[in-house]
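**Student:** Single-letter residue listing:
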Amino acid sequence: MTNVAMPGTYLGDGTGPRAWLLTTDHKRVAWLYLISLTAFFFLGGAMAVLMRIELATPAGDLVSDDVYNRLFSLHGIIMVWFFLVPSIPATLGNFLLPLMIGARDLAFPRLNLASWYVFIFGSLFALFAVVAGGVDTGWTFYTPLSTLYANGWVSTAAFGVFIVGFSTIMTGINFIVSVHTLRAPGLTWFRLPIFVWTLYATSLVMVLATPVLAASLILIVLERVFGIGVFNPDLGGDPLLFQHLFWFYSHPAVYIMILPGMGVVSEVLPCFSRRPLFGYNAVAISSMAIAVFGFLVWGHHMFVSGQSAYAGVVFSFLSFCVAIPSAIKVFNWSLTLRKGEISFETPMLYALFFLALFTFGGLAGLFLAALAVDVHVHDTYFVIAHFHYIMVGGMVTAYMAGLHFWWPKLTGRMYSETAGRIAAIVTFVGFNLTFFPQFVLGFDGMPRRYHTYPPEFQFWNVLSSAGAVVLAIGYLMPLFYLGWSLFHGARAPDNPWNATGLEWQTSSPPPPHNFETMPIVTRPAYAYDMKGLEHERFSPHREEAAP
Amino acid sequence: MSGTESVAFDTPRRERRADTFAMWVFIGSEAMLFGAIFLVFLVAHIDFGPAFAAASKRLSLPLGTFNTAVLITSSFTMALAHGLALHRRWRATIWALVATAALGVCFLIVKGIEYGKEIAEGLAPLLGLPFRYAGPDPVHAEFFFGLYFAMTSLHALHLIGGIVVIAGMIALWGAASPANRLRRVVAIGLYWHFVDIIWVFMFPVLYLINR
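Chains as they are written, first to last, in the working numbering: chain B, 1 to 547; chain C, 1 to 211.
Bound-form chain B, shown alone (with noise of 0.2 angstroms):
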């Protein structure tokens, strides 16, 4: 075997188990972060692959109705707050972020550390419950469903999220006290990489939603353990309410889990079509924007609840403006690529796949913001193809996109370009063979969470089933040449892409307090059109300040 542990960069600084548990290098709480949602996202995707073969056949010959809405709702579960929540800023935010900022590490290191000792705690709680029987109540835990009905593992699961809040809440903190107080000289806010800023944006969101969603899941969790009723119509409660705060914490949620994606295709683009991002600051802000924006929009959720027609209308009105400012960024992320020297390099192509999935994913989303459309097709398939699309084909995407661009600074070694390409092709295929055919099932009025369907439907479930085949060999594929490359990969260069940033600036892999020098600023993020980056990019060196 090769060493993996490099010699005086901070995979060498300290080996064994103890060195990497105890570690507060932001770096290597990074790597645990990875290797945990990975092995969560290969479980919420074997769930994903069961359901697929169920539905293969119009009759429920795999699994039971009982063990089906167990798989959906553990999917759900597992996928959003054990994978796509903590996603790209529990692995590529926590890498990135000091080095991007130039900084020697998180403001607060120990918190960070302590953040993956919650997820993991939390995890434990979620894991029992797959194991001890389950829970069929859906990932978003409806009441009175939940309270009343529901003979799964609820409290269990839903303690194990409440937890692992606490350490969504601890990296949001992190993240904006960081931002805020150690950029380096001269990296003034608009100077700061779109990734930074997707990040902070995230962040805000994780600190000010995650709290709602804990106190909704504590009076479920009070109301099945102590009695307590608040949404129990029995006792004077309103089941509408969980809803209401529920969607209040899970609509900004999901812009929890497509900022980040937005943000690494945001450095990914310019660095394959050597031009500076187009419009950066309209980006930058739009990604505020769409922070404030998603607080306003849960009750789009809610069209066939029986909130009043008011309230109905005005949620659709504002859910048509939060696709602005995501509108703003594909427009600048398409003019960013004209003209551009184009390559198509793993990253670059993954970061086109995420541009075409989230576009078609987000003119869904405006279906489904239009109040008559989203009566027809409530709690169908077009709902599930809709995020999906966002959320596998834009986020997924995205890191995969983002692991590929930094897998060199993470670990030092160049991964096989052939197979990474492979794989990004692979995954796209098999990504629109999968969730393609359930825009149609939704269209003709297939609802979500059966097991079972009219035979009529069976062409488009095959459809979709075979793709998910493709889509789960898309996925397996990095698992192998990326480890592979762990131990046999080439050494790769400090600025193997020719990038701008201050990731790039230091050695890969990166010292244990990443810059021999603390790096000074002296122009915008995306220099690529600036005379004499060639022959800047290889050796962390100290700039004179600008006057």
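Worth flagging that the hints you see were computed from the coordinates, not collected in a lab.
All residues carry an ideal CB built from backbone N, CA and C; glycine is no exception.
Be a bit skeptical, because a hint or two may be false.
Claimed, not checked - Covered stretches of chain B (in silico footprint by chain C; criterion: 3 or more residues with CB under 8 angstroms from a CB of chain C, positions within the stretch not fixed):
no. : segment
1   : 15-22
2   : 202-214
3   : 217-223
4   : 236-247
Use these hints to put chain C onto chain B, whose structure you have.
**Tutor:** What follows is chain C alone, placed relative to chain B:
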């Protein structure tokens, strides 16, 4: 690095500013947690005003008022601790912190007596305890008491957290540098005042608004 706890900071002064800022962000987060619970109470109060008003009169106003005075006094001693720490009068700071924690414990004891009284009167709809209530609309009165126990116990948990942190701070006092002592006093002080303010809102909403 020179006297800082986190490697990220160059000077203790910057670290203290970051700490204070972090505590404010955390308080913003906590405000959303309590905000959600207050919202639930508000909605219920709009829906079932008369029932809530009648039920609210069964709470003990003298004990509630006494406890409010106790907490406000504890905020005063906490402010004293902050002022003394700024002047590096460490012995006096410790005594102010001890007084703060003691007042917190006093609040919890009185709250416990209040809970005991309510349970004895059959006003605690928890854990299958019998709920006996002679007033009008007992169903919504039960809802009121459910919310009362949920809100006050959540507040009490936060207070317990504060007391534990103060105790831990005093235990680690000798090992901490002056910069770290001040940093910690400022941070816990902010938190303590916040928990106090939560009570200042909770007391009128639960005890006074219907009288």
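**Student:** Among all the numbered hints in the text so far, which are the ones the structure does not match?
**Tutor:** Structure breaks hint 1 only.
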